[in-house]
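4 protein chains.
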Amino acid sequence: MTVPKFKEMERAYGFDEVALVPGDITINPDQTNIDFTIGNLTFSIPVLAAAMDAVVDPNFAILLHKLGGLAVLNLDGIQTRYEKPEEVLTQIIQAPADKVTSLLQKIYSEPIKEKLIGERIQTIKQAGAICAVSLIPATTKRLAPIAKEAGADILVVQSTVTTARHISKSYRGLIFSELCQMVSMPVIVGNCVTFSSALELMRTGIDGVLVGVGPGAACTTREVIGVGVPQVTATMHCAAAREAYYKETGKYVAVITDGGIRTGSDLCKAFASGADAVMLGSIMAQAAEAPGKGYHWGMAHSHPTLPRGTRIKAGTRAPLEQLLFGPTSTTDGTENFIGALRTAMGICGALTIKDMHKTKMVIAPAIRTEGKYFQSVQGMCSG
Amino acid sequence: MTVPKFKEMERAYGFDEVALVPGDITINPDQTNIDFTIGNLTFSIPVLAAAMDAVVDPNFAILLHKLGGLAVLNLDGIQTRYEKPEEVLTQIIQAPADKVTSLLQKIYSEPIKEKLIGERIQTIKQAGAICAVSLIPATTKRLAPIAKEAGADILVVQSTVTTARHISKSYRGLIFSELCQMVSMPVIVGNCVTFSSALELMRTGIDGVLVGVGPGAACTTREVIGVGVPQVTATMHCAAAREAYYKETGKYVAVITDGGIRTGSDLCKAFASGADAVMLGSIMAQAAEAPGKGYHWGMAHSHPTLPRGTRIKAGTRAPLEQLLFGPTSTTDGTENFIGALRTAMGICGALTIKDMHKTKMVIAPAIRTEGKYFQSVQGMCSG
Amino acid sequence: MTVPKFKEMERAYGFDEVALVPGDITINPDQTNIDFTIGNLTFSIPVLAAAMDAVVDPNFAILLHKLGGLAVLNLDGIQTRYEKPEEVLTQIIQAPADKVTSLLQKIYSEPIKEKLIGERIQTIKQAGAICAVSLIPATTKRLAPIAKEAGADILVVQSTVTTARHISKSYRGLIFSELCQMVSMPVIVGNCVTFSSALELMRTGIDGVLVGVGPGAACTTREVIGVGVPQVTATMHCAAAREAYYKETGKYVAVITDGGIRTGSDLCKAFASGADAVMLGSIMAQAAEAPGKGYHWGMAHSHPTLPRGTRIKAGTRAPLEQLLFGPTSTTDGTENFIGALRTAMGICGALTIKDMHKTKMVIAPAIRTEGKYFQSVQGMCSG
Amino acid sequence: MTVPKFKEMERAYGFDEVALVPGDITINPDQTNIDFTIGNLTFSIPVLAAAMDAVVDPNFAILLHKLGGLAVLNLDGIQTRYEKPEEVLTQIIQAPADKVTSLLQKIYSEPIKEKLIGERIQTIKQAGAICAVSLIPATTKRLAPIAKEAGADILVVQSTVTTARHISKSYRGLIFSELCQMVSMPVIVGNCVTFSSALELMRTGIDGVLVGVGPGAACTTREVIGVGVPQVTATMHCAAAREAYYKETGKYVAVITDGGIRTGSDLCKAFASGADAVMLGSIMAQAAEAPGKGYHWGMAHSHPTLPRGTRIKAGTRAPLEQLLFGPTSTTDGTENFIGALRTAMGICGALTIKDMHKTKMVIAPAIRTEGKYFQSVQGMCSG
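Those protein sequences? They're chains A, B, C and D, same order as listed.
If you read the first sequence in the numbering used here, its first letter stands for residue 1, the second for the next number, and so on.
If you read the second sequence in the numbering used here, its first letter stands for residue 1, the second for the next number, and so on.
If you read the third sequence in the numbering used here, its first letter stands for residue 1, the second for the next number, and so on.
If you read the fourth sequence in the numbering used here, its first letter stands for residue 1, the second for the next number, and so on.
I should point out that these hints are in silico values taken from the structure, not numbers from a laboratory.
Check the hints yourself; a few may be wrong.
According to the in silico footprint, chain D covers these stretches of chain A (three or more CB under 8 Å from chain D) [what the hints assert, rightly or not]:
{"hint": "1", "stretch": "37-51"}
{"hint": "2", "stretch": "155-162"}
{"hint": "3", "stretch": "259-270"}
{"hint": "4", "stretch": "281-295"}
Mimicking PhoX-like on lysine-lysine, the simulated pairs with C-alpha atoms at most 25 Å apart in a straight line are [unchecked claim]:
{"hint": "5", "chain 1": "D", "residue 1": "K7", "chain 2": "A", "residue 2": "K358"}
{"hint": "6", "chain 1": "A", "residue 1": "K148", "chain 2": "A", "residue 2": "K113"}
{"hint": "7", "chain 1": "D", "residue 1": "K169", "chain 2": "C", "residue 2": "K5"}
{"hint": "8", "chain 1": "C", "residue 1": "K247", "chain 2": "C", "residue 2": "K99"}
{"hint": "9", "chain 1": "A", "residue 1": "K360", "chain 2": "D", "residue 2": "K106"}
{"hint": "10", "chain 1": "C", "residue 1": "K7", "chain 2": "D", "residue 2": "K358"}
{"hint": "11", "chain 1": "B", "residue 1": "K360", "chain 2": "B", "residue 2": "K313"}
{"hint": "12", "chain 1": "A", "residue 1": "K5", "chain 2": "B", "residue 2": "K360"}
{"hint": "13", "chain 1": "D", "residue 1": "K106", "chain 2": "D", "residue 2": "K84"}
{"hint": "14", "chain 1": "C", "residue 1": "K7", "chain 2": "D", "residue 2": "K106"}
{"hint": "15", "chain 1": "C", "residue 1": "K5", "chain 2": "B", "residue 2": "K5"}
{"hint": "16", "chain 1": "A", "residue 1": "K169", "chain 2": "B", "residue 2": "K113"}
{"hint": "17", "chain 1": "A", "residue 1": "K358", "chain 2": "D", "residue 2": "K169"}
{"hint": "18", "chain 1": "D", "residue 1": "K5", "chain 2": "A", "residue 2": "K354"}
As the structure is a computational prediction, the values presented were derived from the model and not from experiment.
All residues carry an ideal CB built from backbone N, CA and C; glycine is no exception.
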């Protein structure tokens, strides 16, 4: 008897399951160009800091601007709910572990103050930095005009999953084509993980998509609701949408891999999977200048009835500049991310990020064997 | 030389190996409809409590009815063998670990009292609740009429594996078509895991099938006799049988995934695999109202010569209502199961359970890496 | 550029990676028939005890005969090198762990006494038991006639890998067709793992093949020399050879899976993979009557320059009869192996071992997750 | 909607994921021939010692020559930067773990002394040994003539990835065809891992390629920059290039698997994957005569801004001769590598290394299960 198939399932891959293949030509790392462009703004490194309260405050945004990247300020978080965010941050950091979820649920129930939106943006702008801000879909229509008025340069609309179409009783779905016209600045939307949803979002006229839902092996979203696509496959799907949309229209929409990047290796693989830039959360939280002072938590952690996340002690590693550009004496891929990217591009023969999109990858799971000793020895690759 | 193949083997998947893919449209969770229908009875949540002595007694059945679900009372267990089941439960709970298997073997050798069947069912019915009861195939013909007489509304016939055809010296095989006519109430049969056996059972006129044999990675049945099909694949096979049978006859037989569900994530994946409802054992055992008071054991555990199971200290988490509906401050998927289901449906763009059947899944094994830290960080998905 | 393939590689599977699928019909376990035939000898259980010094001595052989199975006495081991094997066994058992390999290297360098071959065989025969003995290929031509003379009923020729063709300076390769004629008793040869080598051996006129080279995940042979094929695939290959040879000639050669079986589950899967019988080593070593008194070591362990093995403290579980037939209160598949086989056959709808060969299997890796609790709960399958 | 594929990915395999299949014919190990030839030089064992400072100094090179193999002296390391390398080695060995990376960065910033190149080579040559030396691409043009002048017999040009084409501002890319003509001795180049890059290198006229970039599961290069191809697949790709190039030209270029070999098993699999020889690092570092005195570190460890490696305490196992040829009483594959190779070849029916290239392999992941006990028992394969 032939058994009919109920459903086809594609195999999806995460960073730990693939590896980059060296090219037929090699390039000195200092010859590589890693510029990133969104709308008409160009950045010298393809790195965004995530719109999380432990990562980005106005000072951090100014600093990352100087180093060539782009920080996104969360307009739905502590910075816009509290006059003195430092005090609230200290409360979160000092809370005992078993109380932190309910504390976050309480802290994030405080209303957003529209006046603070303006103040935070102006602090960034007055320092001469490009200012990117993020909102969730439900508040975008109300707060985006205020952000624009205050001088924001880039608008990010972000939730666990954002689609071009949304059904709701409580608010009329956000129409992205209307939003793009209204704010007349580059708009980045996310998160998404599939070809079809990314393409549909691109067709609304936006300038970038954030890629990543429940990335990584142990994402709480995957444990709580089972939803998630590993980042290599998710990025490839969205990159395929970018190529398809470019063929349709000639417009190049940025694909930004957001979440799940822990090492230089992961970062390099994101670009080989098709990313134009990466958004970093936990790595940025480890910078000496991060407002979380070595702690870290996510936006879904404060959900009033179904929280998804944990407060993490990430620890403080080094000043942001050293974290990004080295030099370093660590050998596990957790510092000098830009050096790692340029070195990988050199070995893969990629002069630009778009060349890096063409790099070959193999499926090669990182099996951890018991004998720690041999693992490390294997690391002593020839120089 | 061409080597002839001795046997083809299909790859089968469990909950840990797949993930749900967000839809192209999203829906507010409160817009979703999760009704479940069996025969002409409709329930507002698609959740059954397993016919296990540590999970369901008459009080628990009444409580779950009020919350919208359906508990199944085990008529082959302690409730019908002992006048005072509480005392026996206490004995099991208090037994030292190395004595519990032989104690269970002894306790379950006590004969079933027909009088107690009537009493337990009437307790449930008098409280106004729908009453579902379960029997094993060998006792069904004798005891089903008594259950019907006492007012049972739904009959579950359940053993490790139940098929439409059975060869035995000791009793004439149960003919399900005769049984359905005799009891004239909805009949649910299980467990089964394949397209062909599910379809054959459906053709006997039953109303639901229970899916699951040795689900999960470490089921003792898989260790003892090697039999088992992981739940995602098993559910898909039975759901395909349901579709085929529906095309044949226009009758829709419920597919109920039974066993192996530990988190909200697993529960959501069961529906995406084709389940119309889920049957929960260990999760229900963690409700404050469960008769096992935080302990738990299975029906196969008391087998006189080949026991398969363990007494587990599941622990008590929360009242049943909170376990099902929240709110919660845990972030690992072990509370607020209905909230999790509605949230997943919203993200996947499913208005109903039948829409959820169409949700895409990817194969994405949940590899646990050593670095606990990074795992958790990955959980901090955007809000 | 098309990259030419250097080599194709088939995926091979072990016991942990597959599971049995229930049948469309079920059978009461007591209806099943598990006879095993080699040559014109029939046994009531399809179980051989491995030709290892910690497993089989004459007393053990007599005992297993009474229980319906067949023990193989190692004629290249301690029983035929030493008058008083008990003393030597005690030495091995009492040696400190870091000295045991060199002690074994020394003990097994003692010459074989031809006189002892006769004595050991006669002890078995005088008790009325069928007597099977094993030799390595290099000593077979010299010692097989002595074994025959002494009354042996079955000859096993066994080494890590035995092929129909062998190239050697030191001894003229054993010609199995000549051997079969010379000894005129059933001959079992092994070990082998491929279709082609099994078929070639069958064509020499032998009556059984032993299947298994480096079975299991951590076999030392796989660590030392990289050779090995997991048992499910190896058994399927040899079973395919049996079918092909049966079509050619009408002669049915027994396929005996040897090695890697640790639980009832593994044993059941061996039969579903095509085995006619299984040879057990470590399981038998755990019988109260085993000469190793709970310790265990392999034949390759004493190799003078490249030892492959370890002395294991297996522990003593139960008398052999209970180990094979139960009853048991353990729930992890390590006792009541015959009960497990019959139960699995019942669930799979197999009346005979040949029916069991047709049972479906799925590829379903036994992933061990971290949460011990949930694993066990999953074991509480319905009774 | 058909989703366009952004990129195809091949599955790549490492040593732990494959196993050798016994042949249809077996051979006594002492009949096998394991000669290895590079250019017009033939060695009686196919083993090279890696050009690492903890592995090869002039004395070690002389010793390995006497045992039939070939050591490669690193001309970019301590031997040519320091008059008294022993003192510097002692410093590295004695440094605390958290200081060793920065110490290496400092030690390797000392300039190379051209005079020392000559002295080290002459020490080796005066002992009558064949002398192989290694250089990195950037220094090859300047230092290769000095090495030739001093009497070197074989030149190795090695870096993490070396290609026939390189783009650099700082030095004109090395033209291998010019180099081969200039030095008029066998030239080995590496490392490479793909068919196309190996073929392109072969076409420049070189005599051998080193295979391996980030081999193994936990190579630091894979963690830091994500680049690497597991060794079985990498070796197969380069062997396919060797075959293709041989068909084009009739010239046979040696394929040398370098890195990731930890046991006899890995070594045997390298040959079955197509290697003509293997280069050993960590295994050689465990010889009593190794200059690192049981410690070990890699060439990439001293990179000034992006170090990739760790200093390892490998420990000292045995004299080199015993490590290579046995006898041994260890049973885990870490001693008697040549014995292991000959035994595997015997079992696989391979008289020569080229026969070994034809040995079948299966994909059979070495899953480590929890129960240590059973793993070991499985090792007790028949003798």
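The hints, checked one at a time:
no.: 1; hint: 37-51; verdict: violated (count 0)
no.: 2; hint: 155-162; verdict: violated (count 0)
no.: 3; hint: 259-270; verdict: holds (count 7)
no.: 4; hint: 281-295; verdict: violated (count 0)
no.: 5; hint: D:K7 - A:K358; verdict: 8 Å, holds
no.: 6; hint: A:K148 - A:K113; verdict: 16 Å, holds
no.: 7; hint: D:K169 - C:K5; verdict: 37 Å, violated
no.: 8; hint: C:K247 - C:K99; verdict: 52 Å, violated
no.: 9; hint: A:K360 - D:K106; verdict: 35 Å, violated
no.: 10; hint: C:K7 - D:K358; verdict: 8 Å, holds
no.: 11; hint: B:K360 - B:K313; verdict: 36 Å, violated
no.: 12; hint: A:K5 - B:K360; verdict: 13 Å, holds
no.: 13; hint: D:K106 - D:K84; verdict: 16 Å, holds
no.: 14; hint: C:K7 - D:K106; verdict: 45 Å, violated
no.: 15; hint: C:K5 - B:K5; verdict: 23 Å, holds
no.: 16; hint: A:K169 - B:K113; verdict: 54 Å, violated
no.: 17; hint: A:K358 - D:K169; verdict: 23 Å, holds
no.: 18; hint: D:K5 - A:K354; verdict: 17 Å, holds
Violation of the numbered hints given earlier is confined to hints 1, 2, 4, 7, 8, 9, 11, 14 and 16; the remaining hints are satisfied by the structure.
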